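Trainee: Residue strings, one per chain:
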Amino acid sequence: MSTPLLSIRDLHAKIGGREVLDGLTLEIGAGEVHAIMGPNGSGKSTLAYVLAGRPGYEVTSGSVSYRGQDLLSLAPEERARAGLFLGFQYPVEIPGVNNVYLLKAALNAARKQQGKPEVDAFEFLALVREKMKLMQMDEAFLSRGVNEGFSGGEKKRNEILQMLVLEPTLALLDETDSGLDIDALKVVAHGVNTLRSAERAIVLVTHYQRLLDHIVPDRVHVLARGRIARSGDRDLALELERRGYDWITGAAA
Amino acid sequence: MTGTADIGKLVGQAYKHGFVTDIESDSLPPGLDEDVVRQISRIKREPQFMTDWRLSALRHWQTLVEPQWAHLRAHPVDFQAISYYSAPKSKANAPKSLDEVDPKLLATYEKLGVPLHERARLAGVAVDAVFDSVSVATTFKDRLEKAGVIFCSFSEAVQKHPELVEKYLGTVVPYQDNFYACLNSAVFSDGSFVYIPPGVRCPMELSTYFRINATNTGQFERTLIIAAPGSHVSYLEGCTAPMRDENQLHAAVVELIAEDDAQIKYSTVQNWYPGDENGVGGIYNFVTKRGDCRGRNSRISWTQVETGSAITWKYPSCVLRGEGSIGEFYSVATATNLQQADTGTKMIHIGANTRSTIVSKGISAGRGQNAYRGLVRILPGAHGARNFTQCDSLLMGPKCGAHTFPYVEVKNPTATVEHEASTSKISEDQLFYCLQRGISEEDAINMIVSGFCKSVFKELPMEFAVEAQNLLAVSLEGAVG
Ligand SMILES: Nc1ncnc2c1ncn2[C@@H]1O[C@H](COP(=O)(O)OP(=O)(O)OP(=O)(O)O)[C@@H](O)[C@H]1O
Ligand SMILES: [Mg+2]
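Note that the protein sequences, when read in sequence, are chains G and P.
The first sequence lines up with residues 126 to 378 when you count with the working numbering.
The second sequence lines up with residues 0 to 480 when you count with the working numbering.
Derived by calculation from the structure, the hints in this document are not laboratory data.
Fair warning: this is a prediction, and the values are worked out from it, not measured in the lab.
Backbone N, C-alpha and C fix where the C-beta goes; we use that ideal spot for every residue, glycine too.
A few of these clues could be false.
What the hints assert, rightly or not - As a list, the in silico BS3-like pairs of lysine-lysine whose alpha-carbon atoms are at most 30 angstroms apart:
{"id": "1", "chain 1": "G", "residue 1": "229", "chain 2": "G", "residue 2": "241"}
{"id": "2", "chain 1": "P", "residue 1": "345", "chain 2": "P", "residue 2": "424"}
{"id": "3", "chain 1": "P", "residue 1": "453", "chain 2": "P", "residue 2": "345"}
{"id": "4", "chain 1": "P", "residue 1": "453", "chain 2": "G", "residue 2": "258"}
{"id": "5", "chain 1": "P", "residue 1": "453", "chain 2": "G", "residue 2": "237"}
{"id": "6", "chain 1": "G", "residue 1": "280", "chain 2": "G", "residue 2": "229"}
{"id": "7", "chain 1": "P", "residue 1": "424", "chain 2": "G", "residue 2": "229"}
{"id": "8", "chain 1": "G", "residue 1": "258", "chain 2": "G", "residue 2": "229"}
{"id": "9", "chain 1": "P", "residue 1": "424", "chain 2": "G", "residue 2": "139"}
{"id": "10", "chain 1": "P", "residue 1": "457", "chain 2": "G", "residue 2": "229"}
{"id": "11", "chain 1": "P", "residue 1": "457", "chain 2": "G", "residue 2": "280"}
{"id": "12", "chain 1": "G", "residue 1": "280", "chain 2": "P", "residue 2": "424"}
{"id": "13", "chain 1": "P", "residue 1": "398", "chain 2": "P", "residue 2": "264"}
{"id": "14", "chain 1": "P", "residue 1": "159", "chain 2": "P", "residue 2": "140"}
{"id": "15", "chain 1": "P", "residue 1": "345", "chain 2": "P", "residue 2": "398"}
{"id": "16", "chain 1": "P", "residue 1": "453", "chain 2": "P", "residue 2": "424"}
{"id": "17", "chain 1": "G", "residue 1": "280", "chain 2": "G", "residue 2": "139"}
{"id": "18", "chain 1": "G", "residue 1": "139", "chain 2": "P", "residue 2": "398"}
{"id": "19", "chain 1": "P", "residue 1": "453", "chain 2": "G", "residue 2": "280"}
{"id": "20", "chain 1": "G", "residue 1": "229", "chain 2": "P", "residue 2": "453"}
{"id": "21", "chain 1": "P", "residue 1": "345", "chain 2": "P", "residue 2": "264"}
Stated by the list, open to error - Counterexamples of contact, computed for chain P against chain G with all Cβ distances above 10 angstroms:
{"id": "22", "residue": "372"}
{"id": "23", "residue": "406"}
{"id": "24", "residue": "436"}
{"id": "25", "residue": "453"}
{"id": "26", "residue": "469"}
Kindly generate the complete structure, drawing on both the sequences and the hints.
Mentor: Printed below as a string of structure tokens:
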């Protein structure tokens, strides 16, 4: 077996003086889709933030290797340019900054890293239009401020739009499905599925089996009290749906 | 007017009437009294009414004391130590070449994209780089003449259009107005003059940049803009590149007059040297700017982006006299290092159904202190007057401050006055969101700040808006650690 795309070993991390990740180990191979489930407050978002390099999250021990390099030694923007994308659970509003402007700056930052020239304005617009169509988003969203006044579901769609334009190697989607109506869920799932490929990996943080009906995961993990308490295939998600978490968290304690 | 012969003529004219040639030989000793004022007027070959007006101003000024401002820390200015008539950029002290210019300043030009041949002029190098823009200026002059627009230096206007100067000078900002305006009235060296004839839409943005020798107008500058009934004009003051200047004190006066249905849009990007990190060497900028909406349905808009100066004290104001007239004020002011910006506006509603809008965006970083001071006064005759004020402050770092002083006086019960204010910090969430998209911290901050200022930037003429954005980026560089 070749080296996995992402390899997390015995990761311990603190936020606000509290240890939230407590010896987490996880491997994700290229081409795979993993779902991470688990009770509220178990550390799912924390894991995503630690991987993305959010300030304030202190890694006390353990290691993370991404495409063979030490992920934790990179600055957050370097991780992003290296193809790590985080779809936020609560996307922030940035008033007055055009959605399309941010998108272009993000794409150009990644291209610069790859030694490519800035994207041509027409090509860029064509690309964004195509992806917007896929996400069934009105073009008016381009000229609005980033997430400014967007509904909860619109914010989530916007995250996926950004992901589709940036084409990351590793996408961490933190509860992208929450707040979506039934049709939007299908649209978002379709968007995510178009990104699936042999070189990429996708991590879905979710509370609901129904997302996994549309995006079928290769592996399902339960995160409880800062570690992976159980892993399985898609059937584990179905079992969780029926039985809840008690039988696992009880066992892990 | 085209061809080299005409350019030569124009250059010659500039020397004949302009300020620059005169002062090379004439530089008055420091001090201020009636003799000095008379000499200034004589050197400039001014008609009697100008001499008299200057003298009245001086006599009044001698009875005034310099104001003290609670929120400004300023070293006192010794008014008798200033020479009231010398080259603003005396060639003796000027750098001889770009090699002698502060490398930091040159780096800023580079970032702002100032063309190479312009850098020397802006940095005050003693070369005649101004002439690079002569051909551009000529074509501009040509088009303006065809439209009947008068756009020239104040000195030239005094010579060529004394009747207009006499009719309008001091009618918006009388010399009795305040300490600095009074001083300016007595000793002002030069400035700009604009007259737009009735019904004319000025065919281009007027910019001081295209007026030859515009940068040599010195520390006591005077601008007078008259928009006759039904005319429109957009005027740009300043330049985004920082200018080197030996004069610490600047006291300019700007008067705008809009007659019936006339519109004046006045945009400023001010970027005087703010002084170093310790506030040493910066410029004190005390400016009186006022627009008089004299006519019915007239409109005056002030848009300003203030990033320079050690101390800025500036309240572009509108007197809304004409029925249905509109006054607007859009401002972005930054204060970094030890800068102190005290700006704001006054909207004086006199006529019925007058309207005013104030949008002020203050950005403080480092140890900068930003104060907004606004007055909305609704007089008894202003039936149905309306004002909307929005005042937002953005703090970058723990040591800076923002202060808001809104004053409202309503003497007419049918008037409506609305005020909204907010203070925010660049949030870590916003910053991280941008970083997570691969955008560098510096770019992210610029993006967020520009977004904060957007409602003001969109009031600037297109080209200027881009420059202003760059300027803001440069002035806030390294402001957040
Ligand atoms: N800044 C902070 N200071 C202190 N505790 C924090 C901080 N941020 C998060 N936590 C705590 O860390 C724990 C894990 O939070 P996290 O957001 O990772 O949970 P989650 O698994 O994503 O939950 P949910 O399913 O509700 O989104 C929670 O108990 C939370 O209260
Ligand atoms: Mg979460």
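Trainee: Checked against the structure, which of the hints given earlier come out wrong?
Mentor: 13, 24, 25
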